[in-house]
Amino acid sequence: MCRVLPLDYYGSMKRLQRLASHGLATLALAASATCLQAQTAPANPTAPADPSDQPIVHSAMTAELFYELLLGELNLGGGDPGTAFSLILDGARKANDGRLYQRAVEIALQTRAGDAALQAARAWQQAQPESREANRYLLQILILLNRPQETLEPLRNDLAMVELMERPLAFASIPRTYSRVTDKQSAATVVEQALGAYLQDPAVGASAWTTVGRMRLMAGDTSGALEAARRAQAIDARSDGPVLLALEMMGPKTPLAELLVKQYFEAGKPAPELRMAYARVLLDGMRAAEATQQLVLLTKEKPDFAEAWLVLGTLQAQGNDPAPAEASLQRFLALAQAQPTSEERNRGLSQAYLALAQVAEKRKDYPAAEAWLGKIQNAEDLFGAQNRRASLLAKQGKLSQARALIRSLPERNAAETRLKLSAEVQLLREAKDYQAAHDLLAAALAKDPKDVDLLYDQAMVAEKLDKPAEMERLLREIIAVKPDFHHAYNALGYSLADRNVRLPEARQLIQKALEFVPNDPFISDSLGWVEFRMGNKEEALRILDQAYKAQPDAEIAAHLGEILWSLGQRDRAAAIWKEGLLLNADNETLQETIKRLRVKL
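Under mature numbering (1 follows the signal peptide of the UniProt record, and there is no 0), residues -38 to -1, 1 to 563 are what the sequence shown spells out, in order.
Hints should not be assumed to be uniformly reliable.
In silico DSS-like pairs for lysine-lysine, Cα to Cα no more than 30 Å straight-line [said to hold, decoys possible]:
id : residue 1 : residue 2
1  : Lys262    : Lys337
2  : Lys324    : Lys337
3  : Lys382    : Lys444
4  : Lys324    : Lys562
5  : Lys562    : Lys426
6  : Lys474    : Lys215
7  : Lys557    : Lys426
8  : Lys511    : Lys326
9  : Lys540    : Lys324
10 : Lys215    : Lys444
11 : Lys215    : Lys146
12 : Lys382    : Lys326
13 : Lys360    : Lys426
14 : Lys382    : Lys429
15 : Lys557    : Lys540
The calculated label-pair distances, taken between Cβ atoms and stated as ranges, are [to be verified]:
id : residue 1 : residue 2 : range
16 : Leu126    : Val443    : 56 to 62 Å
17 : Ala431    : Asn108    : 51 to 57 Å
18 : Asn462    : Arg391    : 20 to 26 Å
19 : Gln301    : Leu126    : 32 to 38 Å
20 : Ala300    : Lys557    : 48 to 54 Å
21 : Asn375    : Leu126    : 50 to 56 Å
22 : Lys337    : Gly158    : 55 to 61 Å
23 : Lys557    : Val443    : 35 to 41 Å
Hints in this document: simulated from the structure, not taken from any laboratory.
From the three backbone atoms N, C-alpha and C, an ideal C-beta is built for every residue, glycine too.
Full structure from sequences and hints, please.
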């Protein structure tokens, strides 16, 4: 007997399309009609009483509807999507079936008929107002059509259908949903209105305010986003959302953002991933000393957090005290080697081996450095390993071998060609063969005379060759080609200050550089130095004190120490210089300063 199933549009269409392609559509329709008639025929009294053989009577399919749907699919296959859409949508209305409404929407979307897709989605949502799927399609199509101002009710409806435990996740997905809308301000307003009922709810208020903050940030309203993050944190001081939002906004112009971050950590039981994120933001802001403090705290709070040991060890390796760096990096290796193999793990191991090689190199233990480099197996890091090997050779007086090693590296693309050039130039600069570096860069610039990175490197080499006019010409050429290249402004301003010429212009250039990267400690060092040259010693001291605290560095130590020395604070000056020598005993500026002032440390 024919067993009539619940409406199975998709399965029936696939079978009928195959039959139609062989000229058997009429036969298929007849068979379907027979099945439909059996739906209302009396049961055979002699048939077994097996329930699986009993007819199912809840299908909305009729012969007329089935035929209409078939024609819709055939029209779609025949290149008439408009007729297909109309037939399928009409069938969906007759059957009140969500799958047919969805099919109509998909046909419209496939043919880029946005208004038709919206028509079908609205019809679906009106016919089945409790369907979250229908509501989501309506919401997404309105966003796709860039009509955020019409999404308030669909968004409210969608959120109302979400279970309480799932609401924070649903709120968090909203900014991504609206990310492609061009009118971000309208989107932010709509989302805030839709979330209005949840903003004071202790259970989800922090999540709701965080979402409002993200929408405001997308709309360019940083102060509004900060206020939303503050309100979120006021509801739940331990919520991750507000601190993540604040971390994204941290910077010299948004001090409230960092205050919110610090308040999160003061609340207790912070997530280790968030302290790690804070440390990375500090590093991006050139605040290495503060980042180191956060990493030390993290390793105490979560001793098995491998990434913290790696970054801490890498930072410590940049100083002149190898013991803490080696201890941190060895701790990372122990934790990482116990983890399953992954690309991230392999990259971390390579970074640790490079840092340990750097520590050994500073101790002039070249065999140990080579041994660490030999452990690097990750193909992506082999260039870095070979570069360090070349540096080891150069420091042992084998410069020609070092250059040959760099030149033997493969050049599979333009980026690798540039890396090789930069590595060789760096080797020559470290070996103080400035003329060879100048010649190498000149050859590269002959092929690409507008490359600002090459121009900048050539300017720095020209300075070492005591060619200030050439240096200034190159830096001004960079500024003309790329006006936002802040390094050029800083380098030119510092050069003028260091030579004690055109000091007002030097200060103006350095201040211009700081407009691009406010509070950069190295550019602040330049500004402090020009203030010192202009006789503003107290202002110079203030600036350099801040710069050195943010970034302990041998060159900054040289300048800060000289200012202290000139102010009669000689004990403190000597202490700063000693710290600088620990950071980098080979720094030329620091060595020259101590020698010129005839200081015995």
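The hints, checked one at a time:
Restraint check for Lys262 and Lys337: satisfied, since their Cα atoms lie roughly 29 Å apart, inside the 30 Å limit. With a CA separation close to 19 Å, the supplied pair Lys324 and Lys337 stays within the 30 Å bound. Pair hint Lys382 plus Lys444 holds up; C-alpha atoms about 24 Å apart against a cutoff of 30 Å. Among the hinted pairs, Lys324 with Lys562 is consistent with the structure: their alpha-carbon atoms are about 24 Å apart, no more than 30 Å.
For the given pair, Lys562 sits about 27 Å from Lys426 by alpha-carbon distance, which is consistent with the 30 Å threshold. Using a Cα cut-off of 30 Å, the hinted pair Lys474 and Lys215 holds, with the two alpha carbons roughly 17 Å apart. Taken as a hint, the Lys557 and Lys426 pair is honoured in the structure, with Cα atoms around 19 Å apart against an allowance of 30 Å. A hinted pair counts as satisfied when its Cα atoms are at most 30 Å apart, and Lys511 with Lys326 qualifies at roughly 29 Å.
Distance hint between Lys540 and Lys324 is fulfilled; the C-alpha atoms sit about 17 Å from each other, no more than 30 Å. Distance check on the hinted pair: Lys215 and Lys444 sit about 25 Å apart at the alpha-carbon level, within 30 Å; holds. For a cut-off of 30 Å, the pair hint linking Lys215 to Lys146 stands: about 22 Å separates their Cα positions. This hinted pair checks out: Lys382 and Lys326 have alpha carbons roughly 24 Å apart, not beyond 30 Å.
Annotation: proposed proximity of Lys360 to Lys426 holds, straight-line Cα distance about 22 Å (limit 30 Å). With a C-alpha separation of about 26 Å, the suggested pair Lys382 and Lys429 falls inside the 30 Å cut-off, and the hint holds. Of the supplied pair hints, the one linking Lys557 and Lys540 holds, its CA atoms being roughly 13 Å apart against a limit of 30 Å. Evaluation of the 56 to 62 Å hint for Leu126 and Val443 yields a pass: the beta carbon distance comes to about 58 Å.
As the Cβ distance of Ala431 to Asn108 is approximately 55 Å, the hint placing it in 51 to 57 Å holds. Distance hint check: the CB atoms of Asn462 and Arg391 are about 25 Å apart, consistent with the given range 20 to 26 Å. In this structure, Gln301 and Leu126 meet the distance hint of 32 to 38 Å, their C-beta atoms being roughly 36 Å apart. Ala300 and Lys557 have their C-beta atoms about 50 Å apart, which keeps the hinted 48 to 54 Å range intact.
Checked against the given bound of 50 to 56 Å, the beta carbons of Asn375 and Leu126, roughly 52 Å apart, stay inside it. In this structure, Lys337 and Gly158 meet the distance hint of 55 to 61 Å, their C-beta atoms being roughly 58 Å apart. Distance hint for Lys557 and Val443: a CB-CB separation of about 38 Å, consistent with the stated range 35 to 41 Å.
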